[in-house]
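Novice: Residue numbers (the working numbering), protein chains in the order written: chain R, 1 to 60; chain Y, 1 to 243.
I should point out that these hints are in silico values taken from the structure, not numbers from a laboratory. A quick note: this is a predicted structure, and the numbers were derived from the prediction, not measured. Think of the CB as a built atom: it goes at the ideal place given N, C-alpha and C, for glycine as much as any other residue. The reader is advised that the hints may include incorrect statements.
Unchecked claim - Incomplete in silico selection of chain R near chain Y, CB under 7 Å:
{"#": "1", "residue": "Q21"}
{"#": "2", "residue": "A22"}
{"#": "3", "residue": "A25"}
{"#": "4", "residue": "G29"}
{"#": "5", "residue": "V36"}
{"#": "6", "residue": "F38"}
{"#": "7", "residue": "S42"}
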Amino acid sequence: MQQTQTAQISAVTTDVNVVVQAVLAMALGLFIVGVVGFSHISAVHNAAHDTRHANAFPCH
Amino acid sequence: MSVFRSIVFSAVLAGAITGAAITGAQMVGTIPLIQKSEVYERKAEAPAPAPTAAAQPAQTHDHGAAASPAHSHEAEWEPAEGLQRNAFTTGANILTAIGFALLLAGIFALRGRVVSWREGLFWGLGGFVVFTAAPGLGLPPELPGMPVADLTLRQTWWIGTACATAAGLGLLVFRKASWAAILGLGLIVLPHLIGAPLAPAGHTDVPEALSHSFVVAAVLTSLLFWALLGVLTSIAFRRISRT
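My request is simple: use the sequences and hints to build the entire structure.
Specialist: As structure tokens, then:
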């Protein structure tokens with residue numbers, strides 16, 4: 001009985017662990033896209049200019 | 001290997017290949033059109049009073065002030081024409097691809113089972129709808145030198161539309177109930193009922209045919225980008241997370 005409970009608890013924590021890691025990775029991805037495609041810093045804009053236009057990210 | 005590392009490794013691998021491949025497609029598709037358009041943009045910027053700023057002096061007062069630094073290309077750093085500019089474009093394409101691949105691989109990890117390359121393809125096509133088709137309906141891909149609305153307003157509408165479309169598609173695909181179908185469709189339609197920020201009526205020298213070709217080229221390259229990214233990320237994540 002206790003063993004099943006422990007197994008269940010560890011399964012749940014693993015799942016939570018996976019969700020946290022996946023969400024962190026997705027947030028990192030959004031951050032990268034945000035900097036490349038949406039930054040107002042002029043040098044970043046000019047460096048990624050052709051990429052922004054080709055991806056139809058709003059541009060100057 | 002930890003889930004986070006598997007996601008990052010597969011995203012970097014798939015993103016690097018997709019970013020490099022898409023740069024090749026852009027070299028023949030969008031980039032020549034951007035360069036042609038910049039000839040008109042420079043011509044329009046050359047005379048002392050900028051025609052777009054002179055057209056609406058009162059109404060777009062702060063917009064003009066906000067837009068002018070972005071327009072005065074001479075004042076700010078920009079990559080040198082040729083190799084340097086293309087190197088930065090390649091880098092930006094690879095980073096964008098890695099960023100979106102992190103989203104895809106994160107989703108694949110959350111699925112909790114093996115995602116086939118075909119399923120990866122459909123996730124990629126979902127990305128195309130969310131990040132290209134839906135925002136592009138209101139804000140079509142634009143060439144440099146076209147009259148545009150305030151940048152922050154457009155970015156806000158773009159991000160809002162992508163979020164609403166993603167939520168709407170998610171409800172349509174993953175919830176079987178009829179309320180979910182209605183709410184999902186509603187979420188997809190809503191940003192377009194609100195409407196994208198409109199460009200002020202202004203004159204542009206960029207020919208209609210050139211901007212039409214650009215819309216077609218940009219949408220097709222984006223379709224290729226998402227299809228490739230979806231397939232490659234699913235294959236890379238499957239292989240890497242197995243080790």
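Novice: Please go over all the hints and tell whether each is borne out by the structure.
Specialist: Hints versus structure:
no.	hint	in the structure
1	Q21	4 Å, holds
2	A22	4 Å, holds
3	A25	4 Å, holds
4	G29	3 Å, holds
5	V36	5 Å, holds
6	F38	6 Å, holds
7	S42	4 Å, holds
Figure legend: structure checked against the earlier numbered hints; every hint is met.
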